[in-house]
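Residue numbers (the working numbering), protein chains in the order written: chain A, 13 to 379; chain B, 13 to 379.
Simulated from the structure, these hints should not be mistaken for lab results.
A couple of the hints might just be wrong.
Same chains, same label: a pair holds when it works inside one copy or across any pair of copies.
[Claimed, not checked] Lysine-lysine pairs mimicking DSSO-like chemistry, simulated, CA-CA at most 27 Å apart:
hint, residue 1, residue 2
1, K167, K192
2, K114, K241
3, K167, K195
4, K192, K241
Predicted, not measured: the structure shown is a model, and the values here were computed from it.
Listed here are the chains, written in short residue letters.
Protein chains: 2
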Amino acid sequence: MSDDKRPIDPWGSTLPADYETLMTEFGIEQMTNELVSAFPLTHRLLRRKVEFGHRDLWRIVESIKKNEAYAVMSGIKPTGDFHLGTMMTAEEIIFYQSLSDKSVAHYCIADLEALADNGIPLEESHEIAVGNVADLLALGLDARRAYVYKQSEEKVVQRLAFVFSTSVTFSTLEAIYGPKHIKYYFSALIQVGDIMLPQTEEHGGPKPVLVPVGIDQDPHIRLSRDIAKKFRLVPPSAVFHKLTRSLLGEEKMSKRNPMSMMTLSDNPKLAEKKIWSALTGGRGTVEEQRRLGGEPEKCVVFELMTNHFIEEDEELRKVYLECRTGARLCGDCKSQLADIVSKFLMKHQQKKEGLTDLARSMLEGRR
Amino acid sequence: MSDDKRPIDPWGSTLPADYETLMTEFGIEQMTNELVSAFPLTHRLLRRKVEFGHRDLWRIVESIKKNEAYAVMSGIKPTGDFHLGTMMTAEEIIFYQSLSDKSVAHYCIADLEALADNGIPLEESHEIAVGNVADLLALGLDARRAYVYKQSEEKVVQRLAFVFSTSVTFSTLEAIYGPKHIKYYFSALIQVGDIMLPQTEEHGGPKPVLVPVGIDQDPHIRLSRDIAKKFRLVPPSAVFHKLTRSLLGEEKMSKRNPMSMMTLSDNPKLAEKKIWSALTGGRGTVEEQRRLGGEPEKCVVFELMTNHFIEEDEELRKVYLECRTGARLCGDCKSQLADIVSKFLMKHQQKKEGLTDLARSMLEGRR
Chain A
13 MSDDKRPIDP
23 WGSTLPADYE
33 TLMTEFGIEQ
43 MTNELVSAFP
53 LTHRLLRRKV
63 EFGHRDLWRI
73 VESIKKNEAY
83 AVMSGIKPTG
93 DFHLGTMMTA
103 EEIIFYQSLS
113 DKSVAHYCIA
123 DLEALADNGI
133 PLEESHEIAV
143 GNVADLLALG
153 LDARRAYVYK
163 QSEEKVVQRL
173 AFVFSTSVTF
183 STLEAIYGPK
193 HIKYYFSALI
203 QVGDIMLPQT
213 EEHGGPKPVL
223 VPVGIDQDPH
233 IRLSRDIAKK
243 FRLVPPSAVF
253 HKLTRSLLGE
263 EKMSKRNPMS
273 MMTLSDNPKL
283 AEKKIWSALT
293 GGRGTVEEQR
303 RLGGEPEKCV
313 VFELMTNHFI
323 EEDEELRKVY
333 LECRTGARLC
343 GDCKSQLADI
353 VSKFLMKHQQ
363 KKEGLTDLAR
373 SMLEGRR
Chain B
13 MSDDKRPIDP
23 WGSTLPADYE
33 TLMTEFGIEQ
43 MTNELVSAFP
53 LTHRLLRRKV
63 EFGHRDLWRI
73 VESIKKNEAY
83 AVMSGIKPTG
93 DFHLGTMMTA
103 EEIIFYQSLS
113 DKSVAHYCIA
123 DLEALADNGI
133 PLEESHEIAV
143 GNVADLLALG
153 LDARRAYVYK
163 QSEEKVVQRL
173 AFVFSTSVTF
183 STLEAIYGPK
193 HIKYYFSALI
203 QVGDIMLPQT
213 EEHGGPKPVL
223 VPVGIDQDPH
233 IRLSRDIAKK
243 FRLVPPSAVF
253 HKLTRSLLGE
263 EKMSKRNPMS
273 MMTLSDNPKL
283 AEKKIWSALT
293 GGRGTVEEQR
303 RLGGEPEKCV
313 VFELMTNHFI
323 EEDEELRKVY
333 LECRTGARLC
343 GDCKSQLADI
353 VSKFLMKHQQ
363 KKEGLTDLAR
373 SMLEGRR
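Full structure from sequences and hints, please.
Here it is in structure tokens:
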């Protein structure tokens, strides 16, 4: 690996400087309009190219067309409530699951990672996971075609990781992840196990698998594709979404800084406050903003509207143009978004409450 | 690590050139007469210093004296029948288990290693394992105080391996094992998980654990002791036995060369034949042997008598002296041993047959 092609760090917290460069370097394909419209349904994340790139997404298009089995898979480290970043992945799983009755959604609760990395005991992460799965259900996951499991209980993944370890060299791991503590390589092999699980005999054998991820997780995708070839499995497909920035705009939204993130369990009033202090693309003064217009490209509030909270393209375009031309000030946007978000949270939290029992039985039922 | 302190290879097949040097280098303690007689019962392997070294064996002596819990643990890769080498470990487990009613014997069926290293499917290794466990029972294992498990089914070991991986650096692994493919480090962490399993909450918490092993497995013991300190567990104890040579005397007995090993499933007639072609310490001619005496130290037949088949020390001493003085020829020894072995195998195989159902239920019962 040459110095100018530095590995992406799936465990880091910085935003990639330049998506384009990363895509070219690692051979990620751009999302095209043809591909967007090849699906039987549409989704704002696809239409707006928040899902900006992919690997072999056409495999899923083909499966849907031929009415053949495919899987969508992702997971979460159960260390806290769903935030907007984990919600985006959840929405993708739910969308791609909904496109065919031959689909299965796999969702891994990475409780061993929560234990090893964060010292969270399994009983504690179990309770957090119940909340996460209830969020997933409230967002629309079809429980009838979902396989939700905890790492600590899933023997098949452990078996896969063990077998895959025989086929990977240190130089491959170092080329993909950079030099790392062995725990990361260990964890990477287990994540490959998670990604391959839908293709095991226990789950009906080889099939296309779509993994919706941030581009920072691409190393796991590349390692999985590498290993798939060696074990005659279908190389997993991936769809890449832009990383969700923190409300203050500095880094990717993560549980490490609770004040700059929004969770689905936030009190709606608190959520409104967070929006009011979020980073915008506003100018120094009202006068300046009326004259020059705002900069929606830099604005976290506009990003939240685009990625999460405004469904109608026409409405979003209106916000964009009004901002650009100085007709709308940051207060207008914040007020509008605060209203949408607080209503969304109230409704979501109510739905979630009614689904907690189902979530618990999904997690505990297969023991 | 300096060049003169080369790591031992637990996956290799060569015999260590010099036990003494290894012991000094790695801080293994010598077996003393005091320690041998500190146990409430005696065993030929202890008395004859076939168990020539140990680490913290006194912990087990103490546990027995104080009537406190301890565990004995070992395991097998289920790739074939018990041979004399695996039988020796089994005998040690059974002996140390028998010394107290506070003991538990743990026995790991390393079916994931059989899958990853030897490509043996889990269903196939399961059947092999049923035979192995039946051998263990026929040799005298007390099933009431035994925990026998398959790697592929044991989630707690997987959890331990995952957690332990956070505390071990590559430089530690390289210092202990030498530079190796990542699968060996992966496997090493799982073996540490096996060794620590008896100390988990699920198994009653921290306690002394004795691992009877060949000195080639000492790297796993050292890594386990290193990790135990970091997780406030009792550093595992070990007792080291001499490696069982192949019948032809070149390398350690292993399943890789079936013609030079003896298994507990061998047809007694075949076993006799193998003994007749085993390496001895005999001289070039009868005349020479009568004049100079034989060399029992080099003789595999005498080793089999010492390690496995002659219980009475007085009888063994007689064989030794008669050989040394030229009063006894190799044919005499082979004839005597062939008779003992063929009777032993017949009796063992009969016992084993009656225990296969119990073995199967022990392996399948806890699913």
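Right, here's what the structure says about each hint:
For the homomeric pair K167 and K192, the shortest alpha-carbon distances inside one copy (26 Å) and between copies (26 Å) are both at most 27 Å. Taking the shortest alpha-carbon separations for K114 and K241, only the intra-copy value of 24 Å comes in at or below 27 Å, while the best inter-copy value is 51 Å. For the identical chains of this complex, K167 and K195 are neighbours both inside a copy (19 Å) and across copies (18 Å), given an alpha-carbon limit of 27 Å. In this homomeric assembly, K192 and K241 come within 27 Å of each other (Cα to Cα) both inside a single copy, at 24 Å, and across copies, at 24 Å.
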